[in-house]
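If you're matching them up, the sequences are chains A and B in order.
All residue numbers for the first sequence refer to UniProt numbering, where the first residue is 1 and numbers rise by one.
All residue numbers for the second sequence refer to UniProt numbering, where the first residue is 1 and numbers rise by one.
Rather than coming from a laboratory, the hints here were simulated on the basis of the structure.
Be a bit skeptical, because a hint or two may be false.
As the list claims (entries may be wrong) - Residues on chain A that point at chain B, a partial pick, calculated with CB under 7 Å:
| hint | residue |
| --- | --- |
| 1 | Lys51 |
| 2 | Thr110 |
| 3 | Arg112 |
| 4 | Glu113 |
| 5 | Leu119 |
| 6 | Cys120 |
| 7 | Ser155 |
We put the CB at the ideal spot given by N, CA and C, even for glycine.
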Amino acid sequence: MKFFTDREICYADILPPSEVRARIEVAVLNFLKILTCADPAISDLLLINRKSSNRRVSQGLLTDDDTWIFLSRSFCKRSLMRANAAKAFIRVWKVMEMCFKILLQEKRVTQRELFYKLLCVSPDCFSSQLQVNRTIQDVVSLLRCSRFSLGIMASSRGIVAGRLLVQEPDKEMVDCSECGSSGYAISGDLNLLDRLVMKTDARYIIIVEKHAIFQRLAEDRVFNHIPIILITARGYPDIATRFLLHRMSRTFPELPIMALVDWNPAGLAILCTFKFGSIGMGLEAYRYACNVKWLGLRGDDLQLIPEESFVSLKPRDLQIAKSLMSSETLQEKHREELALMVQSGKRAEIEALYFHGYDYLGKYIAKKIVQANYI
Amino acid sequence: MHPSVFSEQTVVDRAISDICILLQCSRHNLNVVSVGKGLVMGWLQFLEAGRKFDCISSPTTAYTIPVHVEEVKDIVSVAKYILIVEKESVFQRLANDKFCNANRCIVITGRGYPDIPTRRFLRLLVEKLCLPVYCLVDCDPYGFDILTTYRFGSMQMAYDAKILRVPEVQWLGVFPSDFEKYDLPQQCLLPLTAEDKRRTETLLLRCYLQKEVPEWRLELELMLQKGVKFEIEAFSVHTLSFLSDQYIPSKIQEVEVLPGNKIKS
Chain A
1 MKFFTDREIC YADILPPSEV RARIEVAVLN FLKILTCADP AISDLLLINR
51 KSSNRRVSQG LLTDDDTWIF LSRSFCKRSL MRANAAKAFI RVWKVMEMCF
101 KILLQEKRVT QRELFYKLLC VSPDCFSSQL QVNRTIQDVV SLLRCSRFSL
151 GIMASSRGIV AGRLLVQEPD KEMVDCSECG SSGYAISGDL NLLDRLVMKT
201 DARYIIIVEK HAIFQRLAED RVFNHIPIIL ITARGYPDIA TRFLLHRMSR
251 TFPELPIMAL VDWNPAGLAI LCTFKFGSIG MGLEAYRYAC NVKWLGLRGD
301 DLQLIPEESF VSLKPRDLQI AKSLMSSETL QEKHREELAL MVQSGKRAEI
351 EALYFHGYDY LGKYIAKKIV QANYI
Chain B
1 MHPSVFSEQT VVDRAISDIC ILLQCSRHNL NVVSVGKGLV MGWLQFLEAG
51 RKFDCISSPT TAYTIPVHVE EVKDIVSVAK YILIVEKESV FQRLANDKFC
101 NANRCIVITG RGYPDIPTRR FLRLLVEKLC LPVYCLVDCD PYGFDILTTY
151 RFGSMQMAYD AKILRVPEVQ WLGVFPSDFE KYDLPQQCLL PLTAEDKRRT
201 ETLLLRCYLQ KEVPEWRLEL ELMLQKGVKF EIEAFSVHTL SFLSDQYIPS
251 KIQEVEVLPG NKIKS
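Between the sequences and the hints, there should be enough to build the whole structure, so can you do that?
Shown next, in the form of structure tokens:
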């Protein structure tokens, strides 16, 4: 056990546009200073390494519940001096320049729009969307400010339903239990999410992996029978959904958060992303890690599922399982469940429970919650 | 329950379609619904199953299109037209630029290929409000396919086309000719991949392109001939709000000012 592990953390600040512009200006001035001094040099750009080798874990002191992953102080360089990598160096500056201009205009831009702008302004440097996305993460690493602070807007796939009232400042209160089966759409604007006023009389928060399951539960108004809030990112969670979930966990700390995922490694991976954060956006994601428990599907539910609903694990599933197994953050009980999955070589979807009737899912969730059957 | 008969999802989907054709009804009549993913914003107000959707109070906020379209009633609108956009990112761009504040319209997106609720909702709006409908898609085979799905219906659900298609849909853009007209730099043109070309050739074979909209066919052939495509986001090269401030308003004015200019409809 290590104390003060968070001294090693590297993180990206959430800043207003004027401060981000200031950081860009400082970067430019430093570069020029070194270039024009008595012993001139072209300085390298030092970026936080976004590989798993630089991944660290902050283990909760008293319980496992407060664990999250973060990136530490291992650096990689972008250098103009290395022939093959010189373009990557230039790309970082080009993106900073573009973001500076956009922030001056007080606008926001999507990654795709940024791609086109860069493509036209500097066609020799940028050839694909992937390159632009990677360079954006380089800028986040260099300036240590969040992607959203740079003026880059990512849309959210998240939706919420259930016993929650949300209110945007100066707008009407929205009752998420009256949003129908399509729910309340989570905005991609993190500033807006930060200003949402939330009230609830729920006792549990349930993360649902898939949209179809979310819709089924919302339509059946399961939250009228059990006091819950339903939230989904419709697959792998985006930053906005994680942000809102985290805010909910801070605003309503007594509400346990549980996940309802398919019985396969990808489902567990999604749970772990909500729970621990991710490396891809490691400088930002650590903030939004929440204490998420695994409600279902789990090993002890398999007896409820007919034999025919099981499908074999594919090579991709096994790859994901291997990567999860090697992660030191995986809790003991989750590890056992994963081992069972791999050993049986099978996977099953939540929909398999419909075998017992379409309203069975609500009863299943209620029973598990009442029995406190989550890990 | 019957694993030997039903091995995967596509088998079930086909069976549902067969039943619909046999009974001459729609999927929602069988209480089979899909996940709803459409969004709407603008100068519109309606009720769905007791819940009020007051988009007018906040015309730049996105609302999810209800899945049970048969429960939508009391539609009220002060819009002058309905704008369909292919992609969610374009919808977001319009929301951020507060497009609906300056333009009295309703904006809908199916976020890609439109699902059944979105198409039914659009059809309902057109029937109740009798407004012109403009469709904005990327200048590529996928965009074109989405445009034709809104207008003519999809191939897979051809049996349901009568209630799902919206013949009032007009193609607002983006056309291959817009490239020069709006001064886009060469780099924004992306080459058609082999898959794109195959797709375009398949699209050209569709019957309605001969009879109902021969002008659409010309544009598609032009795309194939030039071997290039481009996306709506390319307009951000000029300014981020070029789409909202200039492209869309000028295109709509063209259509309105020359009502005989039904060449793209």
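Comparing the hints with the structure gives:
no. : hint   : result
1   : Lys51  : violated (29 Å)
2   : Thr110 : holds (5 Å)
3   : Arg112 : holds (5 Å)
4   : Glu113 : holds (4 Å)
5   : Leu119 : holds (5 Å)
6   : Cys120 : holds (5 Å)
7   : Ser155 : holds (5 Å)
Of the numbered hints given earlier, the model fails hint 1 alone.
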